[in-house]
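Engineer: Given these sequences and hints, build the entire structure.
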Amino acid sequence: MIDPEEEGDDLEILVSAPTLKKQAVSVEIDAEQARIVPGTQGDVLRVVENMPGVARSSLGSGALVVWGAAPEDTGVYIDGVRVPRLYHDGGLRSVLSGDFVRTVELVPGGYGAAHGRGIGGLVIVDTQTFSEDEGLNGTATADLYDAGGSLHGRVGERLSLGVGGRRSHVGPLLERFSPEVEDLFPVPHYWDLQARAGVRLRANEDLDITFLGSGDDTARTAPNPDPSRESAERRTLQFQRLYLRYTRDTGAGQVIRGLVFVGADQSALVTRYGAVETALRSDTRLIGARVSSRHRVGDALSVEAGFDAEIDAVDVDRAGALAVPAREGDIRAFGQAPPDQINADSFAVVTVNAAPYAEADLGLAEDRLHLIAGLRVDPYARAVSRSAPQEGLSPTHGLYEQDLRREPRLTVRWTPTPRSSLMAAWGRYGQQPQPGDLSASFGNPTLPAATAVHRVVGAGLRPIDPLHIDLVGFSTEAEGIATRSTAEQPARAEALLPIQEARSYGAQLMARLDPTGGLYGWLSSTVAWAERRVEGGEWRPSDYDQRVVLTALGGAELPWGLNLGLRARVATGLPRTEVVGALYDPRRDLYQPLFGAQNELRLPTFFSADLRFAKTVTLPTSALELSLEVQNLTNRSNTEELLYTVDYTERGQISGMPLLPVLGLRWSF
Amino acid sequence: MPTLHPARPAGLLLPVLLAACADPLDDNSALITEERLLAVVARPAEVAPGATQTLTGLWAGPEGLIGEAALGWGVCRRPKPLAELGPAAPDCLEAENSALESLPAGPTASLTVPEDACSLFGPNPPPPVEGEEAGRPADPDVTGGFYQPVAVFAPEAAEGEIAAGIASLRLRCDLANVSQETYIAWNAGYHDNLAPEIESLELEVDGAPIEVARDGGEATAPVPAGAAVGLRLAWPECPLEAACGDGVCSGGETGEACAEDCGAGGLGCAGAETYVVQVPGTDTLELARESVSVAWFTTAGAFDAPRGGRAADDAARMVDAEWSAPTTPGEVLVVAVLRDSRGGASALSLTLTVE
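Same order as they appear, the protein sequences are chains A and B. With the numbering used here applied, the first sequence has no gaps in its numbers, which climb one by one up to 669 at the end. With the numbering used here applied, the second sequence has no gaps in its numbers, which climb one by one up to 1355 at the end.
No wet-lab data here; the hints were simulated from the structure. Mixed in with the good hints there might be a few duds.
Using C-beta positions, here's what the derived DEER-type ranges look like [said to hold, decoys possible]: (1) B:Glu1101 with A:Gln238: 50 to 56 angstroms; (2) B:Gly1064 with A:Pro604: 39 to 45 angstroms; (3) A:Arg651 with B:Asp1320: 28 to 34 angstroms; (4) A:Pro408 with B:Asp1174: 52 to 58 angstroms; (5) B:Ser1098 with A:Ser394: 35 to 41 angstroms; (6) A:Ala597 with B:Gln1180: 47 to 53 angstroms; (7) A:Val377 with B:Asp1091: 45 to 51 angstroms; (8) B:Ala1259 with A:Arg651: 53 to 59 angstroms; (9) A:Pro604 with B:Ser1098: 39 to 45 angstroms; (10) B:Val1129 with A:Pro604: 42 to 48 angstroms.
Covered, in the sense of this in silico footprint (three residues per stretch, anywhere, with C-beta under 8 angstroms from a C-beta of chain B), are these stretches of chain A [to be verified]: (11) 313-327; (12) 340-347; (13) 381-395; (14) 479-487; (15) 634-648.
The C-beta atom is built at its ideal place from N, Cα and C for all residues, glycine as well.
Structural biologist: Here it is, written out as structure tokens:
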């Protein structure tokens, strides 16, 4: 929370800022610095996993858990356009080429009125416009996982163009040399593509059109001599976004922004255990717009008003076992056979979010005290094509629901001295139910929008010039979250009920060293509790409850184009429910585990040290960077999951990556 | 704690190998090291509420089958919550729980299926509860089946002790949520499951067959110590397509169209039968075929794979396994349990004399 306007440093880490567009608490980093952070294999957006407030996700999951919120509660926005994910399957890579990224900002909570539709945090990616490029530039990259490239630059004085993309080659390589591996392990196949054309209409007035596309296809099969025990899983997700963005900055405190977008998502998760196939497929078309105008009213007051709308039309097909896929609160063991009772449902959902918002920033006491008050109003409207399970040939009836929500937000920031600041924020947030949960057979078409309250307090200190220290305490409470009905005879169309509550609380610390003499580094730490309960019940640890995460990283620019970086991470284990026995199911010839207290067992603490070493060779008109990243330097056997023998009499573990060297090549011109 | 490390070179190429491993720890479930339930055999294999079934628990210990075990039997009277992954409501797992209706203890039990079984565990609307909305019927399994849970307890189980197993007995319930036309077609074309039967069990060592001596219900055979014994278990062949006069009332075949095969209850087939089933979420029926699986158990030695089977689209009607005989002489029990995907089961035990 100190000197956020400082620009020009090689490392730009802004932990909140007093201007209206900045959030109460956030960490922002520019692409160039993010790219050299060890442990990210040069992927700019993977720097997010090093930021305070972010839990370490299990290897291969790529889930983004911020302040204990479920991954689906944290929104990912690229230039203001929501995308369904930040990372490709497996979490190896982000969905956007690093050359298209200008900055990435994590806002774990307590954000302003300009954003909504989520009860967790925000990841805001701001992309390059390429309008400042000199001529044509580009990069080509390749490493163990994928290869990609980009080409971008300015054409004439006003036009800028950019195109980029990448494609994985891990899967194709294995298919060629070791096809049996893919029978056992989920090898990610992914691609992403970006294209942009921009035009500078006038000085400080820009218009650009951008296309983003991404695809993932991950499959595995676990063969078994008994076909009733053979399991398989395939998950696919493609998304496309096309958006037109307009920005005008008059330079006199007035900024006008406009954004319209269309897009589509196609996702499928198909699992099979024996003859029981469970599928969740959804096909989403979306359209949205975001406009805002910011004005300065006198010396002390600036006001922003805007409108943020998104309409999603989703066709959902669900079939198979009710309890698949697993959701938060489900008690199960890794590898446990799903139930074999099945159902099917096809339905359509239209969700409408059209939120006007306004925010005022009042600067007092010679601009040392800022009061930022905002209000956002969102109808959270939705229509579901089927209100009850299908019965024979009877016609189906739909339903329409809305939850008009007023979401006030308030931030107070005080900068008593140039080297210290204090901050507090409070806000109310909401989130539509997941479309797949609105099934009359598998969920509940009448689920309401969930709500949450965030409370944040923080302090910033700059004891000496290159060192920034920020400490933030937080608490969030959410209610109206869908969970499975535990009733013996639930009512029809009430397989899910909005009766789960969530809370998280804790503190995060970020200490960063600005680049000085070629050195940089930061220490981020989060101590947090994330809990859930059914209304009126006892609180229990959430599935996402990771109590302590500590990341320390640093690097140095050495002579002769050398760069060295080191990262160390410690994270306490995620909760699991202990298996205390087993019961034989003679019909299916399966053992069913018996469980102890929910989420009272913990995976062992994770530790990993990663090293990145790079050498840049400057060529006449280009540069070649050769990097070696060594992950898990100590070759520690980290437990990523617990697994059991078929009769649950013995417990083992799946350990994570061994020491893994990854060579990378990047040619830029 | 055993650890599964990613095998190189897969470990080098694939850091993303979680959620991937199927049964990666040694599966020793075929070895009988303590008293346990191996199977529950119901005859008939599928009945309507009000009918009577005979249940036989196959209870074994390290010394062999325990034929006169005083097993406890409890008929579950409580539907399971949707979130429950197991075969029955948690209350139905505990001995002496009020959710259970006890049957006389013994190796077998005679069960008259409760009249409301298709409401509690089937497609019929659950019994109304005052002040509450109409409840949700149970979902069928992939074969269209609904099951009455019956808890099986170890002999002399104390109050609160967890069941050794939950038998699920297939119920003949009506088809719900379909048009009258579809119901009529299903009612005529669906035939109760006939439990699979073991047609033969053949043994060989190094390609030479081993003769199995049979004396009443006892089957014995000699095997060399430490030998790799091949076993082949076969079941009867069932027609893949209905044909009047083939001696089997196949799925979709009706008594009206073929009284010869389907009259007076119909003639079942003790192999992989065909049957008609509703396509979930639709008003249509399709013809399906049972899959068949075999589980092996032994008191000594080891099987290469403790389970095998044939998928519904696999016409073969036998399964092979290899059993490694112990190196020390003595008598060893081998049990094979044959199951079909509609909940039917039968078992065969064999005493092998290791010489």
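Engineer: Decide, hint by hint, whether the structure agrees.
Structural biologist: Right, here's what the structure says about each hint:
1. Taking the beta carbon of each, Glu1101 of chain B and Gln238 of chain A are about 53 angstroms apart, inside 50 to 56 angstroms as hinted.
2. Separation of Gly1064 of chain B from Pro604 of chain A is about 42 angstroms and conforms to the stated range, judged on CB atoms against 39 to 45 angstroms.
3. The hinted window of 28 to 34 angstroms between Arg651 of chain A and Asp1320 of chain B holds, with their beta carbons roughly 32 angstroms apart.
4. Range check, Pro408 of chain A to Asp1174 of chain B: Cβ separation about 55 angstroms, and the 52 to 58 angstroms hint holds.
5. The hinted range of 35 to 41 angstroms is satisfied by Ser1098 of chain B and Ser394 of chain A, whose Cβ atoms lie roughly 38 angstroms apart.
6. Ala597 of chain A and Gln1180 of chain B have their C-beta atoms about 50 angstroms apart, which keeps the hinted 47 to 53 angstroms range intact.
7. A hinted range of 45 to 51 angstroms for the beta carbons of Val377 of chain A and Asp1091 of chain B is consistent with their spacing of about 47 angstroms.
8. For the hinted restraint 53 to 59 angstroms between Ala1259 of chain B and Arg651 of chain A, the CB-CB distance of approximately 58 angstroms keeps it satisfied.
9. Restraint check, Pro604 of chain A to Ser1098 of chain B: a C-beta distance of roughly 41 angstroms satisfies the suggested window 39 to 45 angstroms.
10. Taking the beta carbon of each, Val1129 of chain B and Pro604 of chain A are about 46 angstroms apart, inside 42 to 48 angstroms as hinted.
11. Beta-carbon proximity to chain B at under 8 angstroms applies to 3 residues in the region 313-327 of chain A; the threshold of 3 is reached and the given coverage holds.
12. Residues of the region 340-347 of chain A with a Cβ under 8 angstroms from some Cβ of chain B number 7, which satisfies the need for three, so the listed coverage holds.
13. With 5 residues bearing a CB less than 8 angstroms from a CB of chain B, the region 381-395 of chain A meets the requirement of three and the coverage assertion stands.
14. For the region 479-487 of chain A, the stated coverage by chain B holds: 4 residues have a C-beta nearer than 8 angstroms to a C-beta of that chain, and at least 3 were required.
15. A count of 8 residues in the region 634-648 of chain A with a Cβ less than 8 angstroms from any Cβ of chain B is obtained; the coverage claim is therefore met, three being the minimum.
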